[in-house]
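Asks: Let's have the full structure, built from the sequences with the hints guiding it.
Quick note, the sequences are listed as chains B and P, same order.
Be aware that the first sequence starts at 1, since it is given in my numbering, and climbs by one per residue.
Be aware that the second sequence starts at 1, since it is given in my numbering, and climbs by one per residue.
Errors might be hidden in some of the hints.
Said to hold, decoys possible - Footprint (simulated), chain P over chain B, 3 or more residues, beta carbon under 8 angstroms: (1) 34-45; (2) 50-64; (3) 105-114; (4) 153-162; (5) 172-178.
Unchecked claim - Distance condition first, Cα-Cα at most 20 angstroms in a straight line; then the derived SDA-like pairs of lysine to any residue: (6) P:LYS284 to P:MET338; (7) P:LYS285 to P:TRP251; (8) P:LYS383 to P:ASN83; (9) B:LYS168 to P:GLY226; (10) B:LYS168 to P:PHE391; (11) B:LYS168 to P:LEU392; (12) P:LYS102 to P:GLY294; (13) B:LYS168 to B:GLY135; (14) P:LYS295 to P:VAL371; (15) B:LYS168 to B:VAL151; (16) B:LYS168 to P:ARG390; (17) B:LYS168 to B:LEU179; (18) P:LYS243 to P:GLY296; (19) B:LYS168 to P:ASN222; (20) P:LYS284 to P:CYS94; (21) P:LYS285 to P:ALA259; (22) P:LYS383 to P:LEU368; (23) B:LYS168 to P:GLU224; (24) P:LYS102 to P:ASP246; (25) P:LYS243 to P:ARG390; (26) P:LYS288 to P:MET338; (27) B:LYS168 to P:GLN225; (28) P:LYS383 to P:PRO37; (29) P:LYS284 to P:GLY294; (30) B:LYS168 to P:PRO388; (31) P:LYS285 to P:CYS94; (32) B:LYS168 to P:TYR389; (33) B:LYS168 to P:LEU387; (34) P:LYS102 to P:GLY296; (35) P:LYS285 to P:ARG248.
No lab work stands behind these hints, which were simulated from the structure alone.
Beta carbons: idealized from backbone N, C-alpha and C, even for Gly.
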Amino acid sequence: MSRLASRSEFIVALVLVLLGAQNIFAAQAFGIAEFPRYVSWLLMIGGVYVGFIPFVRAPRDLGSSFVLVIIGATALYFGAELTMGTAGRMGPGYFPRLLAWLIIAIGIFLGLMSLSNEGPPISPPQFRPLVFVLGSISIFGYLMDVIGLAVTAVVIVLIAALARPQFKMRESLLLGIGLSIGTVLIFVYALGQSLPDCPDGMRCTQWLPQKVWGGF
Amino acid sequence: MEVLSNLATGFGAAGTLANLGFALIGCLLGTLIGVLPGIGPIPTIAILLPITYGLDPLSSLVMLAGIYYGAAYGGSTTSILVNMPGEASSIVTCIDGHQMAKQGRAGVALGVSALGSFFAGCVGTIFICAFAPPLAALAQQFNSPDYFSLMVLGLITAVVLAHGSVVKAIAMILVGLLFGLVGTDVNSGATRFTFGASILWDGIDFLPLVIGMFGVVEIIRNLEQGEAHRDHISTRFRDLWPKMSDFRDSWMAVVRGTALGSLLGILPGGGAVLSSFASYTVEKKVAKDPSRFGKGAIEGVAGPESANNAASMTSFIPLLTLGLPSNAIMALMMGAMMIQGIQPGSAVMTSRPELFWGMVASMWIGNLMLVIINLPMIGIWVKLLSLPYRFLYPAILLFCVIGVYSTNNNAVMMLLTAGFAVFGYILIRLDCEPAPMVLGFILGPLMEENLRRSLVLSRGDPIIFLQRPISAVLLILSAIVVALIVLPAFRKTREEAFQE
Chain B
1 MSRLASRSEF IVALVLVLLG AQNIFAAQAF GIAEFPRYVS WLLMIGGVYV GFIPFVRAPR
61 DLGSSFVLVI IGATALYFGA ELTMGTAGRM GPGYFPRLLA WLIIAIGIFL GLMSLSNEGP
121 PISPPQFRPL VFVLGSISIF GYLMDVIGLA VTAVVIVLIA ALARPQFKMR ESLLLGIGLS
181 IGTVLIFVYA LGQSLPDCPD GMRCTQWLPQ KVWGGF
Chain P
1 MEVLSNLATG FGAAGTLANL GFALIGCLLG TLIGVLPGIG PIPTIAILLP ITYGLDPLSS
61 LVMLAGIYYG AAYGGSTTSI LVNMPGEASS IVTCIDGHQM AKQGRAGVAL GVSALGSFFA
121 GCVGTIFICA FAPPLAALAQ QFNSPDYFSL MVLGLITAVV LAHGSVVKAI AMILVGLLFG
181 LVGTDVNSGA TRFTFGASIL WDGIDFLPLV IGMFGVVEII RNLEQGEAHR DHISTRFRDL
241 WPKMSDFRDS WMAVVRGTAL GSLLGILPGG GAVLSSFASY TVEKKVAKDP SRFGKGAIEG
301 VAGPESANNA ASMTSFIPLL TLGLPSNAIM ALMMGAMMIQ GIQPGSAVMT SRPELFWGMV
361 ASMWIGNLML VIINLPMIGI WVKLLSLPYR FLYPAILLFC VIGVYSTNNN AVMMLLTAGF
421 AVFGYILIRL DCEPAPMVLG FILGPLMEEN LRRSLVLSRG DPIIFLQRPI SAVLLILSAI
481 VVALIVLPAF RKTREEAFQE
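Replies: Here it is, written out as structure tokens:
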């Protein structure tokens, strides 16, 4: 790690911690908060971890440590209003706090170990699959509410196909249409799940003569 | 013969034509998804869970059992044919199974593995019938402190069997327990960690969590690896049926594997992984010529395959009698049962015997279906394996999203799924195995309730866990397991076992 790089990390760390501390202080003393208190805590925790980056030898463990501490801190923060109770009469806040502290303890332990144990680097994420797969999942529900399964399936397959760099329009469109027909038949008609398969929550079979389908 | 009359009840309930059909479809679908490279039993079951929702409880359990065994068998098929284990328990099958496939004996390996698994399944069913009632009777004497200690033991042993860092596995369990607490606290009515979202009032839904963290993450991971180099096997499947000599070579291994698996499967935290590794080691030890192992020894396939199937049967015993899942797959099963309104445990056996024994019978039926459909269909699975991934993943993704959405037609569920996918993805990137988290997630509320009750009994004094004999024994066992993990000698063998 070059000196310049490590220095810039220290600066970032310092800025994050100070920003968080300043906000908490300002909120406490003058009642002015630029952003929520929770964010201040996240900034400070994040700052501390950034400061450790130059010394890390097992990045994956430091990363796990960060995730664990954030989870624990989040639980403590949002569980602060839950009644603790006593061991003999546990309130709703007792077990969550116990878990949160255990998680934070393990997180800190992992973080400290990551400074001495050797470990592989974190492989950088590939954004293409992440974005398109997650994107198709996220919009699925909203599309379903509006246009129904038959069209949604085609759209979802097309978006999902974009997750691969070698996207082929015709092939994916054909696959989408095939899967659309298949899933509508299986889920809506064979399994009888109450899914809208056409726009406005209608059934595609509404356009077919009743006697053919026996009023599906 | 109580066992026989119990079994008769079970087969009477589960053996209807409709249920047999569901078992068949379940097996088919389970194998279909399970056979896809890189998709292990956990994602397979997660993806297929939603289709069992609409059925009545028994039928859905029957179908689930079919899916479960289909998924496990599909995993073995992939291991043998393309050397890609979907999960830890099939790693062993890869060693000799894939070598056999390379020698043109893929059919024999698959056949022996199917028949060995069926034999193990039959023995496992008898095991469940014999051991479930006494264990359930024992469970009646369990009090809150005992349950709590049992959960501690189960979670700790599960940690030992997770791969990778023990510390991270413990952390994942704790995170799972915490996630399990989200929602309305049954005792006080207070809502916890709902962030004002009404969708979280009843707790985090099981499906978005498992489908996001296992199904979707699996897809993203496979896509990142690109069109991975696959070790293709272009053998003819002429000689699918094992010859007499193959039977002679393998039947002892099948019997040994079955015995080993049945016993190890009952242990909390035990299950398929442990038993398949153990069986492979035993086969290697008893073989006249151990050097054949790793080069396509049929015993190296027959033993572990029987062992992991036997174990996957008997690991139902703690779930069905004590209501405690011993590994992530059992946690999935328990989640599925709870969605059907069944709280697994000894009460089911007495209050709804037809459901309980029907389920046991359905496991055997699932095993039978597996042999019936898979021996003639191996050729089809092989064809499926050669389908490019770019045709498969959009279909799998579509099944995942429809599955989640169809549970309550709520678009917010999809965002939750995507959120868990991101979380699961980050965990994988950081070498944190997400499987123990499901176990914690399922056990979270149970553990809190039992801890609360125990401490109410003792007025807040934790010594109660050591005063009650059952609880004390369980905690001492847990301490021994912890000591074993910490001891360097054992640690080394564990690492070696996962290396292999």
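Asks: Which earlier hints turn out false for this structure, listed by number in ascending order?
Replies: Violated hints (numbers, rising): 1, 6, 14, 22, 25 and 26; every other hint is consistent with the structure.
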